[in-house]
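Colleague: Protein chains in written order, with the working numbering: chain A, 58 to 268; chain B, 12 to 329.
Hint data in this document are derived by calculation from the structure and do not stem from the laboratory. Please note that the accuracy of each hint is not assured.
[Claimed, not checked] Per label pair, the in silico range of CB-to-CB distance:
| no. | chain 1 | residue 1 | chain 2 | residue 2 | range |
| --- | --- | --- | --- | --- | --- |
| 1 | A | 121 | B | 71 | 45 to 55 Å |
| 2 | B | 303 | A | 110 | 27 to 37 Å |
| 3 | A | 159 | B | 329 | 22 to 32 Å |
| 4 | B | 167 | A | 231 | 17 to 27 Å |
| 5 | A | 267 | B | 123 | 51 to 61 Å |
| 6 | B | 298 | A | 159 | 55 to 65 Å |
| 7 | B | 253 | A | 186 | 23 to 33 Å |
| 8 | A | 135 | B | 91 | 47 to 57 Å |
| 9 | A | 110 | B | 125 | 35 to 45 Å |
| 10 | A | 231 | B | 319 | 41 to 51 Å |
[Claimed, not checked] Residues from chain B shown here face chain A by an in silico Cβ test under 7 Å; the list is partial:
| no. | residue |
| --- | --- |
| 11 | 148 |
| 12 | 198 |
| 13 | 229 |
| 14 | 302 |
| 15 | 304 |
| 16 | 305 |
| 17 | 308 |
| 18 | 309 |
| 19 | 311 |
As the structure is a prediction and not an experimental result, all values here were calculated from the model. Glycine included, each C-beta is placed from N, C-alpha and C at the ideal position.
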Amino acid sequence: MKRAVFIAAVLILFGIVCRFFPLFHVVALKRAETEKNAGVFNAAKFADDFWSEKLLKSFDHAVDAKELLAAIQANPADAQKKYARSLSLGGGYFYYLRGEGRVLATNDSSLSLAINTGGTNTEVALQTGMIFGNAVRDGTGLLNASDYPNLQDFNSISAELNKLVEARVLPELRAHARIGSTISFIGCAEVDDESTDLNPLQVVPIQAQIE
Amino acid sequence: MKSTILKLAGAILLALAMTFICQTTDADPTASRGKIAVVISTLNNPWFVVLADTAKQRAQELGYEATIFDSQNDTAVEASHFEDIIAGGYKAILFNPTDANSSVPNVLKAKAAGIPVFCIDREINSTNAAVTQVLSDSYSACVKMGQYFVKTVGQSGTYVELLGIVGDNNTWNRSKGFHSVVDNYPNLKMVAQQSADFDRAKGLEVMSAILQAHPDINAVFCGNDAMAMGAYQALVAAGKEKQVKVFGFDGADDVIKSIAEGKIEATAMQFPKLMARTAAEDADQYINGKRDFPQKLPVQVDLVTQHNVDKFIGYGKK
């Protein structure tokens with residue numbers, strides 16, 4: 058009898074201790090995942106929010122393609138000074154442009170567009186293949202590396218924005234753009250250095266409409 | 012009497028000489044502008060030696076006394092250097108961190124002691140510790156590297172990746188930039204991914220071990236040139252240097268020569284001299300009162316291949 062009381066007392070004591078100092082917690086998987094990712098930069102969500110809340114509202118800042126292409130033809134260095142933006146030390150820079158052109162040719166990775174620049178046609182290559190690089194992230198000037206404690210986060214934005222271009226802009230172009238179609242577009246171009254061939258300028262579209 | 016006059020004349024001469032020496036010392040611009048510390052993650056890699064020497068030289072040109080501290084890739088050694096620097100009355104620190112996270116407290120300690128820190132090449136995970144961070148744009152370079160890799164190796168095959176120090180952001184910026192391209196090609200399969208700590212000897216050791224398990228690979232992508240040279244050495248020892256394409260990162264002298272000789276396929280040219288000079292000049296401007304610096308200043312990195320290698324020399328452009 059005494060022994061049974063002793064065991065019961067130990068069990069009750071153990072129960073009380075466990076109540077306040079549990080050996081383990083049972084947590085729903087979804088909640089555990091949320092807690093694990095708390096504080097971790099979510100590049101996909103950031104890119105999605107940025108796309109709808111800032112990028113689509115920034116089109117007024119894009120320079121007229123006719124004006125830009127004419128300036129590049131006249132003097133690439135002057136065009137760079139006037140219209141380009143650069144985030145880094147070195148020769149690379151970006152253009153943010155909008156325009157309309159007629160499709161001259163198509164291939165797996167781009168559409169060749171003729172843009173009338175005052176009597177003559179100048180070509181741009183609208184990218185329709187896999188999108189790499191930082192044209193969309195850095196072309197608009199809306200994002201700044203200095204705002205990110207870790208450049209890995211900043212870099213992951215590029216990858217996510219490129220995925221959004223591939224998912225939201227390119228399918229329509231790939232499916233319906235034909236030689237002779239007129240396309241209006243807004244996009245960004247990345248230029249590596251002074252040796253980059255600007256004819257045609259390689260443009261990553263962030264919005265495109267087939268007329 | 013005569014000897015007293017002589018002694019007096021001697022004393023006057025000595026005093027005049029001392030005054031002259033002191034005036035000369037005071038006029039020395041090196042002594043007048045103070046001391047700058049150059050703290051480098053490791054000097055066991057020629058690339059970082061160039062970074063350190065250039066930073067020191069530029070600081071000296073600007074009129075400072077500059078001292079190089081080698082952290083030996085050890086955050087404890089780095090912390091000890093910072094203690095010495097704070098106690099030693101330095102005016103600024105040009106800093107190549109050992110670890111993106113573990114180096115932050117050192118920078119904060121220097122900041123609290125009123126010593127500005129200017130990061131070079133390697134990032135710390137903070138936007139309010141260093142005055143500015145001049146960093147190679149490793150990610151963008153490796154996006155270009157990934158595209159060139161697919162172009163030269165092809166859209167199918169097997170490859171190995173040698174990573175740098177796991178705690179360094181550059182390791183992952185390079186790896187992620189590369190994979191942001193290469194992973195789009197499902198028939199290009201990575202059969203091994205291992206760290207060799209940015210070290211040539213470890214690159215040789217790790218690559219030799221990997222070749223035992225995967226003798227038929229087509230390529231190896233290395234997070235820096237030291238590992239690329241180590242990997243190449245392992246391939247030569249295994250008689251596979253013509254079968255396996257080697258890709259590096261840095262723009263080190265020996266790799267630029269190896270690209271020209273057709274031994275290494277490509278590298279990404281960082282500009283250590285440009286970064287080191289920029290950091291030293293930023294420090295000088297800060298000491299002179301400037302406060303408006305970008306927190307992160309990426310520096311463009313150029314792809315060097317067998318097609319354009321004639322435009323480059325070790326650590327820079329011709």
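Colleague: Can you list which hints this structure breaks, lowest number first?
Modeller: 3, 10, 12, 13, 14, 15
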